[in-house]
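S.K.: As a plain string of letters, each chain reads:
Protein chains: 2
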Amino acid sequence: MKDQRIPFSRLQEVLSSILIQNQFFPDRAALSARLFAQSSLDGVPSHGLNRFLHYLSYIKKGLIQPNAVPERIGQFGSLERWNGRLGPGNINAHLAMKKAIQLAKKSGMGVVAMQNTNHWMRAGNYGWQAVDEACIGICFTNTKPNMPAYGGSEAKLGNNPLVIAIPRKNGSIVLDMAMSQFAYGKMAIFEKQGQNMPYDAGFDQRGDLTKSPKEIIENELAMPIGLWKGAGLSLMLDMLAAILSGGQATHEVGESGEEYGLSQVFVALEPSKLGLEEWMDTKAEQVIEDLKQSKTFDNNKKVRYPGEQTLRVRQENLELGVPVDVDIWNQIVKILE
Amino acid sequence: MKDQRIPFSRLQEVLSSILIQNQFFPDRAALSARLFAQSSLDGVPSHGLNRFLHYLSYIKKGLIQPNAVPERIGQFGSLERWNGRLGPGNINAHLAMKKAIQLAKKSGMGVVAMQNTNHWMRAGNYGWQAVDEACIGICFTNTKPNMPAYGGSEAKLGNNPLVIAIPRKNGSIVLDMAMSQFAYGKMAIFEKQGQNMPYDAGFDQRGDLTKSPKEIIENELAMPIGLWKGAGLSLMLDMLAAILSGGQATHEVGESGEEYGLSQVFVALEPSKLGLEEWMDTKAEQVIEDLKQSKTFDNNKKVRYPGEQTLRVRQENLELGVPVDVDIWNQIVKILE
Chain S
78 MKDQRIPFSR
88 LQEVLSSILI
98 QNQFFPDRAA
108 LSARLFAQSS
118 LDGVPSHGLN
128 RFLHYLSYIK
138 KGLIQPNAVP
148 ERIGQFGSLE
158 RWNGRLGPGN
168 INAHLAMKKA
178 IQLAKKSGMG
188 VVAMQNTNHW
198 MRAGNYGWQA
208 VDEACIGICF
218 TNTKPNMPAY
228 GGSEAKLGNN
238 PLVIAIPRKN
248 GSIVLDMAMS
258 QFAYGKMAIF
268 EKQGQNMPYD
278 AGFDQRGDLT
288 KSPKEIIENE
298 LAMPIGLWKG
308 AGLSLMLDML
318 AAILSGGQAT
328 HEVGESGEEY
338 GLSQVFVALE
348 PSKLGLEEWM
358 DTKAEQVIED
368 LKQSKTFDNN
378 KKVRYPGEQT
388 LRVRQENLEL
398 GVPVDVDIWN
408 QIVKILE
Chain C
78 MKDQRIPFSR
88 LQEVLSSILI
98 QNQFFPDRAA
108 LSARLFAQSS
118 LDGVPSHGLN
128 RFLHYLSYIK
138 KGLIQPNAVP
148 ERIGQFGSLE
158 RWNGRLGPGN
168 INAHLAMKKA
178 IQLAKKSGMG
188 VVAMQNTNHW
198 MRAGNYGWQA
208 VDEACIGICF
218 TNTKPNMPAY
228 GGSEAKLGNN
238 PLVIAIPRKN
248 GSIVLDMAMS
258 QFAYGKMAIF
268 EKQGQNMPYD
278 AGFDQRGDLT
288 KSPKEIIENE
298 LAMPIGLWKG
308 AGLSLMLDML
318 AAILSGGQAT
328 HEVGESGEEY
338 GLSQVFVALE
348 PSKLGLEEWM
358 DTKAEQVIED
368 LKQSKTFDNN
378 KKVRYPGEQT
388 LRVRQENLEL
398 GVPVDVDIWN
408 QIVKILE
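First to last, the protein sequences are chains S and C.
Quick note on the working numbering: the first sequence kicks off at 78 and runs consecutively.
Quick note on the working numbering: the second sequence kicks off at 78 and runs consecutively.
So that you can see chain S by itself, here it is in the shape it has in the complex (with noise of 0.2 Å):
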């Protein structure tokens, strides 16, 4: 896994011409690979770049069209639900998220409750999205099974990452989080050195903590965070989204063995329509200031807040070039020639 670094716009074009090789309209193919791009231009390849090839072999087999425009099917007061028809998800939540920014901005706050829906890759894209437009930006999404109960021996539940975004003048507070204490694709990676996790990582086939991602892996057997604690958050993220989205919920999602057709929810706050725009600027700053002053274990380093690398990763990416794989990178051009 050699990196290599190639520019965000030459990336974000191979992307695009790919997807209108399969099928997409000029401009969803263009907002799909810049999502893409960003995810990787963000420091998150993992869904951007690597999940790529995985995302167009869903478009192979008809479960992401391409082309499909997400429909309005209810409303009322600040709420309202949509039908994904099954588009790509990280155009889909775009729009989802879009929506909810135009309702806030009208009415203080909006709520989009999103089924039918796919995998949106970087969950964190869509806070970014809403900071960017000066709101608050809370989602979250349901997945598969891919997290046991607790005390479960079989994967029940989704990891169901929550996204909460602060927009703040200094950089924005992004929190982008799974409910699993680490993410297959990182298992995957540590499994392929040789290595064990840091921390307890799931369960073994005693149902023992283990830090060894093999058996976690094979067994789907991912912890959730705080165990009992994200294993009911994980199950109150889904009913919450099959829910007001009129969708799956998790072990419908399942079924097929296939991932898709997922139930997502979208809120935005406008903080000037609420009279917080000032005070919620102040507020973040001091709480941010606060924390940075913490007293840390190893003098060298100071804690940090979710998305406070973001930033500066972006900038550094923006100018030198964004990291590619190297093997994933010359599969994808590849498809071009």
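No wet-lab data here; the hints were simulated from the structure.
These numbers were taken from a predicted model, which means no experiment stands behind them.
Treat identical chains as interchangeable: a pair holds within one or across any two.
Each computed DSSO-like pair below joins lysine-lysine, with the alpha-carbon atoms no more than 27 Å apart: (1) Lys372 - Lys291; (2) Lys378 - Lys246; (3) Lys350 - Lys176; (4) Lys378 - Lys263; (5) Lys263 - Lys291; (6) Lys269 - Lys291; (7) Lys176 - Lys246; (8) Lys138 - Lys411; (9) Lys350 - Lys183; (10) Lys379 - Lys369; (11) Lys288 - Lys378; (12) Lys350 - Lys175; (13) Lys246 - Lys379; (14) Lys350 - Lys182; (15) Lys246 - Lys183; (16) Lys263 - Lys379; (17) Lys269 - Lys288.
Knowing the structure of chain S, use the given hints to seat chain C on it.
M.R.: The following block gives chain C in isolation, referenced to the frame of chain S:
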């Protein structure tokens, strides 16, 4: 710590009488007493009877104002901002969730953010309050600093309890979780019994994970669920509560050394207004049915959903009497003599 069972009505009467002695108006005394008694009734004495003497001490110190009535200080769309005026936290929280439910019954969704309020005791009460009105309920509070940030060697974050409650005819699902793996109260009980916690519970003085409650309690180094993840979620909940309510953040709550003047958020969703009433119950039923079919490591045990035990425990305690810690109960009864 011997247990004794006391009729639920007697428990309420005694607590209510003591609150009246402490200048509470009778209806307020009755409500606060009911919320304390309800916690013990539902099997959560740590935030019921066992916390009552601490509550009295805060009233005596003037940190809780028995008859302060919250005031609405802002409103936009279905979001309201309230000043809790340092009234009793459980009465204030009950009022705030009631207002959120009223907003939801009118507009499908209601959000009430409350500043300047006090410890709400058992978080789950307000989730049960929402589901008893057939609403989805979500609420969270900040606290004084009692957990470290990831890598931090001092308490900077609150354990910030979060409740998500979904109504269901065959038993509502009510998640009530703080962001620390274990409550300090629970760790204190293990310490008293000379026992280690069953899982990693916090950090020792070198920053290593430990199951030993003593060191954790001494240094206020409880482990956030999922380490950096729960730490991040705690930070975001604190910021959301302080920003939306216009109130204090965790680091300000901690400044005085006492825990008062908190910020909280209450959300209610009314499914029938959203056209979701039947769908919600069907979906909730399906999810729970699938979950309960999970294979388990211990064949004699089934996995449980959040809040599953509550109705059974409540019924049992209504019939047989509410278990109380004899020492605490005797101290409380003595106040009236």
